[in-house]
Every structure is written in C-alpha cells, then in structure tokens.
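Fit chain H to the known structure of chain Y by using the hints.
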Amino acid sequence: DVKVTQSSRYLVKRTGEKVFLECVQDMDHENMFWYRQDPGLGLRLIYFSYDVKMKEKGDIPEGYSVSREKKERFSLILESASTNQTSMYLCASTLGNSYEQYFGPGTRLTVT
Amino acid sequence: KNQVEQSPQSLIILEGKNCTLQCNYTVSPFSNLRWYKQDTGRGPVSLTIMTFSENTKSNGRYTATLDADTKQSSLHITASQLSDSASYICVVALKTSYDKVIFGPGTSLSVIP
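Protein chains in written order, with my numbering: chain Y, 1 to 112; chain H, 1001 to 1113.
There may be inaccurate statements among the hints.
Said to hold, decoys possible - Below, computed lysine to aspartate or glutamate pairings styled on EDC-like, alpha-carbon distance capped at 20 angstroms:
id, chain 1, residue 1, chain 2, residue 2
1, Y, K71, Y, D28
2, H, K1100, Y, D59
3, H, K1095, Y, E62
4, Y, K53, Y, E22
5, Y, K3, Y, D38
6, Y, K13, Y, D51
7, Y, K3, H, D1069
8, Y, K55, Y, E17
9, H, K1057, Y, D28
10, H, K1100, Y, E62
11, Y, K70, Y, D38
12, H, K1095, Y, D28
13, H, K1100, Y, E69
14, H, K1001, Y, D59
15, Y, K53, Y, D28
16, H, K1100, Y, E30
17, Y, K57, Y, E30
18, H, K1100, Y, E17
19, H, K1095, Y, E30
20, H, K1100, Y, E56
21, H, K1071, H, E1015
22, H, K1095, Y, E100
23, H, K1095, H, D1084
Hint data in this document are derived by calculation from the structure and do not stem from the laboratory. For clarity, every value in this text was computed on a predicted model and none was experimentally measured.
Next up, chain Y with everything else stripped away, as it sits in the complex:
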C-alpha cells in the first residue's frame, strides 16, 4: 500500500512566522504535489515536483516555496505566514505517468 504522510494534522501559527509543512511518500514515486483546499473552491495546486531538486509552479504559488532534496520528501514553506493562508494543505504523489494520485491525510493550518 502506498503511504503518504504529512508531518502534522493540525498546526496553529502566528502571522509573520515561517512555516514548514513536510510530506513523505514510501513508494518511490517520482511526482509529488502540494494543494490547498478551501470550502467551495476545490483543491488548488500550489507547486509540484517531477524529480529531486526540481519544482514547478502550480496555479497559486504566491506566498509559498518548496524544497525537494530527496525523492521521498517534498516540503512546503510559507516564508511569512498570513491569515489568508489558513487552509487545509494536502500532499499527493504519483508514479511516473500513472493517473492515480495518492493523497496524504492533510494538515489543517490556522494562521492567527
């Protein structure tokens, strides 16, 4: 079974703090993704990566950066958290050209 884990289920941070969200997958998947999910908007792609040290912007990259130093780990970084970044953050991975994305359990981030 593919397992995608995220470092925290719930996180509360203050405005201006630097925030790290980590995602780890254990099935040697090449592709990894970060989404945020907000009510009524569906999932929106922030960043994705197709290889180690490689990253591509998604639809809403502003205010975020990512890091992929190892194949199994994909980190999302909020350089200076703001209240409009309060959301559910979901990580996903896929193998090669496979259509099926495997999602982590999500991190609910609250910025106060």
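Frame of chain Y; chain H shown alone:
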C-alpha cells in the same frame, strides 16, 4: 476556461437508498476523469479513473459513467451505507506534458439511518 462543476452541492439520503452525483466539465484537451471520496479530515481516495474510450467503470457499489460528447459524468452509489457519508470530488485531467488536473468543488453526501 477549464472548469469542473458538480451537483448537487450537498445531499442527504437514507441508508440503503441509491443516489447519483453529477459532474459537468469544460476541460480541453481531455485526458481522463476521476472520482475521489474524501472522508472528513482526511485526504481524497481514488474510486474510479476513466479515459476517453471508457464510458462506465465500477468499484464495488460505486459506478461511474462518462459521456465525453456531452462532457458529463455521474457517480452512482447503490445501497448506501453510513460509511458512504463523505465528500465526492470529480477531477478532470488535461492532456498536457504534465499531470494538469482540475478539481471540482465536491458534493457532500450524508447517509442517515
């Protein structure tokens, strides 16, 4: 504009009853359509994936249909169970050089005893 719409927004049904969820899309070029189930507080889990040439696919009590001409899909749930209470998300992928997908807003289903 590439878009995925779902209806209804929410639905309440009695345990044991059937229901059908709808998905309409305006995505081009089309690659595949997926249905996911998302339990509260968890990540989405894949139910079905259909490519252009497939018009129906089943996964247990879940049956998805695809009409690529009208750009519509449906997810039919048979003999609903309390554990079917979740959000159901329709996702359409574009045929591009990478895995570009468009997520629908989801339908929230509540199954009550």
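Against the structure, the hints:
no. : hint                  : result
1   : K71(Y) <-> D28(Y)     : holds (7 angstroms)
2   : K1100(H) <-> D59(Y)   : holds (10 angstroms)
3   : K1095(H) <-> E62(Y)   : violated (25 angstroms)
4   : K53(Y) <-> E22(Y)     : holds (15 angstroms)
5   : K3(Y) <-> D38(Y)      : violated (24 angstroms)
6   : K13(Y) <-> D51(Y)     : violated (30 angstroms)
7   : K3(Y) <-> D1069(H)    : violated (36 angstroms)
8   : K55(Y) <-> E17(Y)     : violated (23 angstroms)
9   : K1057(H) <-> D28(Y)   : violated (28 angstroms)
10  : K1100(H) <-> E62(Y)   : holds (18 angstroms)
11  : K70(Y) <-> D38(Y)     : violated (29 angstroms)
12  : K1095(H) <-> D28(Y)   : violated (24 angstroms)
13  : K1100(H) <-> E69(Y)   : violated (23 angstroms)
14  : K1001(H) <-> D59(Y)   : holds (14 angstroms)
15  : K53(Y) <-> D28(Y)     : holds (15 angstroms)
16  : K1100(H) <-> E30(Y)   : holds (15 angstroms)
17  : K57(Y) <-> E30(Y)     : holds (16 angstroms)
18  : K1100(H) <-> E17(Y)   : violated (31 angstroms)
19  : K1095(H) <-> E30(Y)   : holds (19 angstroms)
20  : K1100(H) <-> E56(Y)   : holds (12 angstroms)
21  : K1071(H) <-> E1015(H) : violated (30 angstroms)
22  : K1095(H) <-> E100(Y)  : holds (15 angstroms)
23  : K1095(H) <-> D1084(H) : violated (31 angstroms)
Consistency note: the structure conflicts with the earlier hints numbered 3, 5, 6, 7, 8, 9, 11, 12, 13, 18, 21, 23.
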